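Undergrad: Sequence:
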Amino acid sequence: LIDNSLFDKQWVDEAREKDVQVTNNAYAAPITPLAINFNTISLAVVANKDKSVSVALDPLPLSHVIIRNQVKILPPKSKPTLRVTRMAQKDEREIVVVTGGVPADGVIRRFYRATSVPQRMAGEVIRAFFEAGGIRLRGVVESGVVKKDDKLLYTWRGKSLAEILRGLNLFSNNLIADLLVKRLGVFAHGKGKHLEMSDLSAGVNIIKHFVVNKAMHVKTPLHLVDGSGLDRRNRVSSSQLVSLLAYMAGRFDLFPEYMSSLPTAGKTGSLSFRFGDRFQGAATIRAKTGTLVQKPIISSLAGYLHHKDHGLVAFSVIYNGRNGVQQPSLHTLHALQENGIARFRTVL
Numbered sequence: 002l003i004d005n006s007l008f009d010k011q012w013v014d015e016a017r018e019k020d021v022q023v024t025n026n027a028y029a030a031p032i033t034p035l036a037i038n039f040n041t042i043s044l045a046v047v048a049n050k051d052k053s054v055s056v057a058l059d060p061l062p063l064s065h066v067i068i069r070n071q072v073k074i075l076p077p078k079s080k081p082t083l084r085v086t087r088m089a090q091k092d093e094r095e096i097v098v099v100t101g102g103v104p105a106d107g108v109i110r111r112f113y114r115a116t117s118v119p120q121r122m123a124g125e126v127i128r129a130f131f132e133a134g135g136i137r138l139r140g141v142v143e144s145g146v147v148k149k150d151d152k153l154l155y156t157w158r159g160k161s162l163a164e165i166l167r168g169l170n171l172f173s174n175n176l177i178a179d180l181l182v183k184r185l186g187v188f189a190h191g192k193g194k195h196l197e198m199s200d201l202s203a204g205v206n207i208i209k210h211f212v213v214n215k216a217m218h219v220k221t222p223l224h225l226v227d228g229s230g231l232d233r234r235n236r237v238s239s240s241q242l243v244s245l246l247a248y249m250a251g252r253f254d255l256f257p258e259y260m261s262s263l264p265t266a267g268k269t270g271s272l273s274f275r276f277g278d279r280f281q282g283a284a285t286i287r288a289k290t291g292t293l294v295q296k297p298i299i300s301s302l303a304g305y306l307h308h309k310d311h312g313l314v315a316f317s318v319i320y321n322g323r324n325g326v327q328q329p330s331l332h333t334l335h336a337l338q339e340n341g342i343a344r345f346r347t348v349l
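Here the numbering used here is used: position 29 in the sequence shown is 30, and no number is missing along the way.
Rather than coming from a laboratory, the hints here were simulated on the basis of the structure.
Just so you know, these numbers come straight off a predicted model, no measurement behind them.
Beta carbons: idealized from backbone N, C-alpha and C, even for Gly.
Mixed in with the good hints, there may be bad ones.
[Claimed, not checked] Quick list of the computed label-pair ranges, beta carbon to beta carbon:
no. : residue 1 : residue 2 : range
1   : K80       : S53       : 16 to 26 Å
2   : I165      : I67       : 28 to 38 Å
3   : V294      : S239      : 19 to 29 Å
4   : R344      : F256      : 26 to 36 Å
5   : S64       : N340      : 48 to 58 Å
6   : A57       : R233      : 30 to 40 Å
7   : R158      : G101      : 34 to 44 Å
8   : L7        : E93       : 14 to 24 Å
9   : K160      : S53       : 21 to 31 Å
10  : R158      : I96       : 50 to 60 Å
11  : Q281      : P76       : 36 to 46 Å
12  : S79       : N321      : 32 to 42 Å
13  : R236      : K52       : 31 to 41 Å
14  : T82       : T333      : 45 to 55 Å
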């Protein structure tokens, strides 16, 4: 029995609905309190020396996931052309189709795809680990609620909030963001009391109250819908973000952990391959990226840079594409951000 009763039953918000039946990504995984492997299916693809291709679930096979391996071997030194698609079935099974080609170089390539049945997958992952350890489980995965007289066998202590935020910001993990916001919602109106609004909406309201009344003090409208930014109805300005960054810099009780959660330009997380050696002082930039690649494209960067004369400086850059016109490439937007910040540093 999998107990997901801590949150309401709205596991998929409006921004995630299109990825329920078929998906080619992992960032829109459903939001459940028990979220094993971030509610994603992990797949490993490797070309063997005999020119066959192995495709397997990582780390263990799951009884509800069917793999269709349609990968071809490419000439040596060719670029891989792999495409991985997860398709939901009515009986809670999931089919993962892997197509394209890969060179026989022995490199293991990993892919992650959001599951459509997080509760079923959680149970099957637990079953797989039990059986790998020699413990056979009978029956099927079902939902349930822990009872007071149930016997507790084991407790897993989670990471601290500082460690969780570091994983969220370094790797732009949408699921962590929305899980934390839902947890705020439960804190606001209690477990199981989901009459007036969803957990996500209740959590967002707490955030809006905080940033409007304590952190931002900006008169321009602030419109938040979720915690991850996947929903295009979110409306936040650069001035609002800079105001929030300035507020956090003044909270020494929170700021060291907050700052360390942000990627370092050219070194860590989502900024590992940004700025680079050509940008003088890249390592003194700590910032968070934001990207939506579907039309219209959106790319943002907000954080801190250290200036030799002015000390810590907060900045925010947001580029929004427009409907009905040719979209700029993500590479172009990244270059604009990086060149703009370089010029910004010289004129301070």
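Undergrad: Range first: 48 to 58 Å. Now tell me if the beta carbons of S64 and N340 are that far apart.
TA: For N340 against S64, whose Cβ atoms are near 52 Å apart, the range 48 to 58 Å holds.
Undergrad: Between the beta carbons of Q281 and P76, is the distance compatible with 36 to 46 Å?
TA: Between Q281 and P76, where Cβ atoms are some 41 Å apart, the hint holds.
Undergrad: Assuming the hint says 16 to 26 Å, is it satisfied by the Cβ distance from K80 to S53 or not?
TA: Given about 20 Å between the Cβ atoms, the range holds.
Undergrad: Return holds or violated for the Cβ distance of R236 and K52 against the range 31 to 41 Å.
TA: violated, 53 Å
Undergrad: So the hint says 45 to 55 Å: do the beta-carbon atoms of T82 and T333 match that?
TA: Given range 45 to 55 Å: violated, Cβ gap about 24 Å.
Undergrad: Starting from the range 28 to 38 Å, see whether the pair I165 and I67 falls in it by beta-carbon distance.
TA: holds, 33 Å
Undergrad: Given the range 14 to 24 Å, decide if the beta-carbon distance of L7 to E93 lies inside it.
TA: For E93 against L7, whose Cβ atoms are near 21 Å apart, the range 14 to 24 Å holds.
Undergrad: Against the range 21 to 31 Å, how does the distance between the Cβ atoms of K160 and S53 compare: consistent or not?
TA: violated, 40 Å
Undergrad: Holds or violated: the 34 to 44 Å window for the beta-carbon distance between R158 and G101?
TA: Check passed, 42 Å falls within 34 to 44 Å.
Undergrad: Cβ-Cβ distance between S79 and N321: within 32 to 42 Å?
TA: The hinted range 32 to 42 Å holds for S79 and N321, with Cβ atoms some 37 Å apart.
Undergrad: State, for the Cβ atoms of A57 and R233, whether the hinted interval 30 to 40 Å holds or is violated.
TA: Taking Cβ atoms as reference, A57 and R233 lie about 36 Å apart, which means the hint holds.
Undergrad: If you check the beta carbons of R158 and I96, does the distance land in 50 to 60 Å?
TA: Hint violated: Cβ distance 36 Å, outside 50 to 60 Å.
When each numbered hint is compared with the structure, violations occur for hints 9, 10, 13, 14.
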